[in-house]
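Single-letter residue listing:
2 protein chains.
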Amino acid sequence: MERNIEILDSTLRDGSQGEGISYSVQDKIHIVQALDDLGIKYIEAGNPGSNPKDMEFFQRAKNLKLKNSQIVAFGSTRRKDSSCAEDVNLQSLLSAETETVVIFGKTWDFQATEILHASLEENLEMIRDTCSYLNQRGRNVIFDAEHFFTGFKANKDYALKALGAAIQGGASVLSLCETKGGAMIEECREGVRAAVEKFGAGAVIGIHTHNDSGLAVANSLVAVEAGATHVQGVLLGFGERTGNANLSTIISNLQLKMNCKCIPEENIKQLTPICKRVAEITNITLDPGLPYVGQNAFAHKAGMHIDAVLKNPFAYEHIEPESVGNSRVFLMSEVAGRSMVIEKIRKFDPSITKSSPVVSEIMAKVKELEHQGYQFEGADGSFELLVRKSIGKYQPFFKLRYYKTSDESPLIEKGLYSFAQLKIEVDGHEEIAAGEGNGPVNALDFALRTALKSFYPSVEDIHLTDYKVRVLDGKSATAASVRVLIESTDGTDIWTTIGVSCDVIEASWLALVDSFEYKLIKDIEKKYHKFI
Amino acid sequence: MERNIEILDSTLRDGSQGEGISYSVQDKIHIVQALDDLGIKYIEAGNPGSNPKDMEFFQRAKNLKLKNSQIVAFGSTRRKDSSCAEDVNLQSLLSAETETVVIFGKTWDFQATEILHASLEENLEMIRDTCSYLNQRGRNVIFDAEHFFTGFKANKDYALKALGAAIQGGASVLSLCETKGGAMIEECREGVRAAVEKFGAGAVIGIHTHNDSGLAVANSLVAVEAGATHVQGVLLGFGERTGNANLSTIISNLQLKMNCKCIPEENIKQLTPICKRVAEITNITLDPGLPYVGQNAFAHKAGMHIDAVLKNPFAYEHIEPESVGNSRVFLMSEVAGRSMVIEKIRKFDPSITKSSPVVSEIMAKVKELEHQGYQFEGADGSFELLVRKSIGKYQPFFKLRYYKTSDESPLIEKGLYSFAQLKIEVDGHEEIAAGEGNGPVNALDFALRTALKSFYPSVEDIHLTDYKVRVLDGKSATAASVRVLIESTDGTDIWTTIGVSCDVIEASWLALVDSFEYKLIKDIEKKYHKFI
Chain P
1 MERNIEILDS TLRDGSQGEG ISYSVQDKIH IVQALDDLGI KYIEAGNPGS
51 NPKDMEFFQR AKNLKLKNSQ IVAFGSTRRK DSSCAEDVNL QSLLSAETET
101 VVIFGKTWDF QATEILHASL EENLEMIRDT CSYLNQRGRN VIFDAEHFFT
151 GFKANKDYAL KALGAAIQGG ASVLSLCETK GGAMIEECRE GVRAAVEKFG
201 AGAVIGIHTH NDSGLAVANS LVAVEAGATH VQGVLLGFGE RTGNANLSTI
251 ISNLQLKMNC KCIPEENIKQ LTPICKRVAE ITNITLDPGL PYVGQNAFAH
301 KAGMHIDAVL KNPFAYEHIE PESVGNSRVF LMSEVAGRSM VIEKIRKFDP
351 SITKSSPVVS EIMAKVKELE HQGYQFEGAD GSFELLVRKS IGKYQPFFKL
401 RYYKTSDESP LIEKGLYSFA QLKIEVDGHE EIAAGEGNGP VNALDFALRT
451 ALKSFYPSVE DIHLTDYKVR VLDGKSATAA SVRVLIESTD GTDIWTTIGV
501 SCDVIEASWL ALVDSFEYKL IKDIEKKYHK FI
Chain X
1 MERNIEILDS TLRDGSQGEG ISYSVQDKIH IVQALDDLGI KYIEAGNPGS
51 NPKDMEFFQR AKNLKLKNSQ IVAFGSTRRK DSSCAEDVNL QSLLSAETET
101 VVIFGKTWDF QATEILHASL EENLEMIRDT CSYLNQRGRN VIFDAEHFFT
151 GFKANKDYAL KALGAAIQGG ASVLSLCETK GGAMIEECRE GVRAAVEKFG
201 AGAVIGIHTH NDSGLAVANS LVAVEAGATH VQGVLLGFGE RTGNANLSTI
251 ISNLQLKMNC KCIPEENIKQ LTPICKRVAE ITNITLDPGL PYVGQNAFAH
301 KAGMHIDAVL KNPFAYEHIE PESVGNSRVF LMSEVAGRSM VIEKIRKFDP
351 SITKSSPVVS EIMAKVKELE HQGYQFEGAD GSFELLVRKS IGKYQPFFKL
401 RYYKTSDESP LIEKGLYSFA QLKIEVDGHE EIAAGEGNGP VNALDFALRT
451 ALKSFYPSVE DIHLTDYKVR VLDGKSATAA SVRVLIESTD GTDIWTTIGV
501 SCDVIEASWL ALVDSFEYKL IKDIEKKYHK FI
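So the sequences go chain by chain: P and X. For the first sequence, counting from 1, position 273 maps to 273 in full-length UniProt numbering; every step adds exactly one. For the second sequence, counting from 1, position 44 maps to 44 in full-length UniProt numbering; every step adds exactly one.
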C-alpha cells in the first residue's frame, strides 16, 4: 500500500545558511512558486523574528496564491526568563500569519544546560509553553527537535521527555533533527523507532538530516522505513557545512522505488526542470553529478555501454531518465561509437542510417580531432557545428583577416593587462576593431563583438558564463597543447564550445568563434523556422 | 573488536570514466604515490588490454617502490568463443605483471544472454575458466561481480552460481558490484548477506557501489555491517554518471565511527591534504561540501557561534576536524596547516615553536594569498620561497624592468604563435632579451632564460615538466582569475611553483619567476653548504 509522506523544503531557511547563498525577497517569491509547482507540502521560508528581509517576505507572501504548498515560518522556543507574550521573536512569528509554524527546541540535555544555561525542567517548560501558546492562537505547530539523535544517545529518557513536552503543548509534528550530521544509519533507525513507538499514535514523526557523514539521504530513507512520515530537507541539498538532506534525491527514491507518495504523481516528471529553475534563481550551477536531476545522471561514456543502452536502456539505467524529466546523454568520445553521431545527425536528417557514408566521415573527423586533444563530450555547441559542416547545414558569418593580442608588465593602467586588435570581413565589407581587458581572451572577445555588432546586432546578447583551460600533455610543459572550453548563453539557451592549440590564445579564439557562429546560426533558423 | 577492511581505489580506472577526467601517464604515477602515502591496499590503475596509455603506465609502474599499496590491473572474462590463451586482452593483463588482477564478469542472467549472447552455462564457464587461468599463472584474483544486485533480484540462484564459478576458478575476493547504482539499502544488505552466508568462509566478500540513488556511501557501510571486508570506490567519488562510492567519506566513517581499520591509524590525519593533492593532479576543484575533507565540512558562522565552538566544539561538530587533517573554516588559513608551516621553518631554524610570532605572520600571509586563489598544497617551491621571504633566507636574483608578449594570427611561420621581449637588471647590469614560441609562456620562458644565462649559467638546466591552468571563478568567464602551476626539474630535484592573476600570462610569469629563483637559491646553498 502506498504511504503518504509530507515534505518540508527548507531551501529558504536552512539552505540559505550555505556558503555564498543569498536571496532577495523577489528570489524567495520565485523559489516558492517553483516549489509550489513541484507540489511540496510545506515551504519553510525564513525566520520572521531574525531579520527585516524575512519579515518583508512574509508580508508579501500573504498575497501569493499557491496551488499545493503552504508557507511556514520558523522560530525558536521562548527565552528562558520571559513569557511567550513578551518574547519579541514569537510575536514576529505570529505576525507572519502562517497557518503552520516550525518551532525548534533543545532535546539534548547538554545543550539545555551548557548552551541555554537552563535547568532540564526549565527547558521542557519552554518547549511545552511555546507550543501551547502558538497552538492556542490557531497555529499548526511542527516541533523541530534539535540534536535529537545526539541527545538520544546521551540521555534517551530526557530526549523523549522533550518530545513529550512538545506533544503536551499541542505540536502535531515531531521532527527529529540530526543536527550535527554525524549519526550512522543504525543510530538513526533506533532513534526514529523509539519516537514512533512512543508518540506515533498521536503525532506525525518527521526527520531532518545533515550530510556531514555523507548519509543525509540514507538516514532520511531509513527514518521513513522506521515509521517517519514527514521529511525535511533542501531541494538541491545545499546548506551549512556539507549541506542538508537533498530532497530531489529523497523524493525520487521514495516515490519511484519505495512506494511512497510525496508530491502529486504527475509532477515527478517536472523534477529536473524545477531543480534547474531553483539553481538558476539561487545563482549556482546544478552539480552535474547529482542523482536523478544532474546533467550527467544518465550520461554514458564507454562505447560498449552506449551500444547496450541504445539496445536496451534497462541494461545500464536504474530508472528511465524521462520519469524525472531528465534525459540520456551520450558523452562524445573516441570510444563512444557511431550510435551517438547518428543520434545527432538525425536531428537534421531523419533518413540517416548507421551505414550512411556521412556517418563514417564524421567519425573519422571526430577521431582526428580527439587525437589533437578535442573532447566533444563537454562541447555540444562545437560538436553540432562539426556535424553541420559535414552535412552542409552551415554557413560562415565572417572571415578573419588577422588578429593581434599583446600583454605587458608593468601595467599602463590598473587591471589593464591585455590588448587586442582584429580585422574581419563580412560580404566584402571590412571592419577593424580593438579591445582591452584584464586578460588576452577578454580583450579578443571585446574586439570581436565590436567588429561584428554592426552586421549582427544579436551578438551583443551573448554572454560568456564559464571558461575552462586544461593543459593536455604536461610533459612538454609550456609547449604543451591547451584545451579551452567556453560556455555561453543568450539568456535563453546555453551552449559550450571548444578550441585546442599549443597556444592558449588561439585555442580561446577557436572556442570564441564557434560560440558566436553557433548563436548566429540559431538566430537565423529561429527567424525562418527551418535549418539553414 | 576492530575489523580490518581492505580498500581498493579505482580513481585511475572507474574514476577516469567521469566527465572531463583524463590522466596522462605521469598524472597516474602521481596519483599512485598519493594513494600509497594514504595507505590504500589496492590501487586499480587501468585496463592494460584496452589502450596503449594504460599499457605504458603498467610498464613504468613496475619500477615504483611503494610503501603500502599494490597496483592491480583490471580486465574482463575471456571472450565467448575463444580460449584464455588466445584472448589478447588477457595476455595484456598478464603482461602488466601485477601480483593481483581484477576480473569482471556477468552475474545477471539477462546480461549474459542479452548483452554477451552467451548461454547461462557458457557465461559461468567463462568466469571459472578466466579466474582459473590467471590463478594458475600466480595471480591473486579479485572477481568483480558486475550487476550482482540486479542479478540477485532477477535470478538469485544464478547470481550466486556466478559467484561460485569464480570461487571454483580460485578467486580470493568476490566483489559485489551495484553497477546501475539503483539499489535501495535493504536490497543491498540482503544481497551481501546471501553472499557472506554462502561464500564468506572461503573468500573475502567485497562491495562496489555507484551513487545513482545517492546511496553509494550508505550501501557500502551497510555491506560492511552485513559482513563485507573489502570496499571498492574512488577517493573523491567521481566516476561515470553520478560517480562511484566516495572512499574519503567511507574510510572516515568506517575508521572513526564503526571500529574498522582501513588504512594505518596515523594516516587518517593525512586524508584532507591527500584528497587535495589528488584533486590538484586531476585538475578539478575539491567539492567544498564534501563530508570530512571539503573546505566547508567544518564551517561555522562568525561571531557568537565561533566562540561557542572554540569553547566546546563537541556541541556543534560530529568529529574533530583535525582527526582527518581538516580544520574549521573560520581558521581557514589553517587548512594550509600550521604544522606544515612549522615543519618548513624548522628546516632553516630548528628552534621555532608553535608560538613563535613568525609562524602567525606566515599564516596571515598564507591566508591572504589563499583568499586571492593561491593554494600551496600543490606548490612546494613557491611555499618554500614564501617562508624564506618571511624569515630572511631569501635574496632576489634580478629585477624585472618590463616584459611584453604578443600573439598573432595568421602565423608568420608555421608553429610560431607568440613573441616575448623583456628587460631585466642584475647588480646594475641590464639585459634585454627576446623569445618566441608556440605560446606566450613558452616565449616568455625562452626570453627569461636567455636574459639570465650570462649571470647564472645553471638556469639552462631548468626544464619545465608540467604546466597546469585552472580558471578559479568560471562564472565571470574570460574575466575570471587564473591559477597556474608549473613543475620544473634540473635533473636532480623536482619543484612546483604557482602564480595567480586575472591574466593568464601574468599568472604564468609569477610561477616562472618562482621556479627560476627556487633553483638559483638551491644552487648557491649547495655550493656553499649553508643557507643564504
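Hints are supplied without guarantee of correctness; some may be wrong.
Copies of one chain are not kept apart here, so a pair can be met inside one copy or by any two copies together.
Pairs of lysine-lysine, DSS-like flavour, derived with a Cα cap of 25 Å [unchecked claim]:
no.	residue 1	residue 2
1	K522	K399
2	K80	K67
3	K404	K65
4	K180	K257
5	K423	K404
These are calculated hints, taken from the structure and not from any lab test.
Okay, the hints, checked on the actual structure:
Only within a single protomer do K522 and K399 lie at most 25 Å apart by alpha-carbon distance; the minimum there is 19 Å, versus 52 Å between protomers. For the identical chains of this complex, K80 and K67 are neighbours neither inside a copy (39 Å) nor across copies (58 Å), given an alpha-carbon limit of 25 Å. Within a single copy, K404 and K65 get their C-alpha atoms no closer than 45 Å, and across copies no closer than 49 Å, so neither meets the 25 Å cut-off. With identical chains, the CA atoms of K180 and K257 are at most 25 Å apart between copies only, with a shortest distance of 14 Å across copies and 28 Å within one.
Taking the closest pair of Cα atoms, K423 and K404 come within 25 Å of each other both inside a single copy (9 Å) and across two copies (22 Å).
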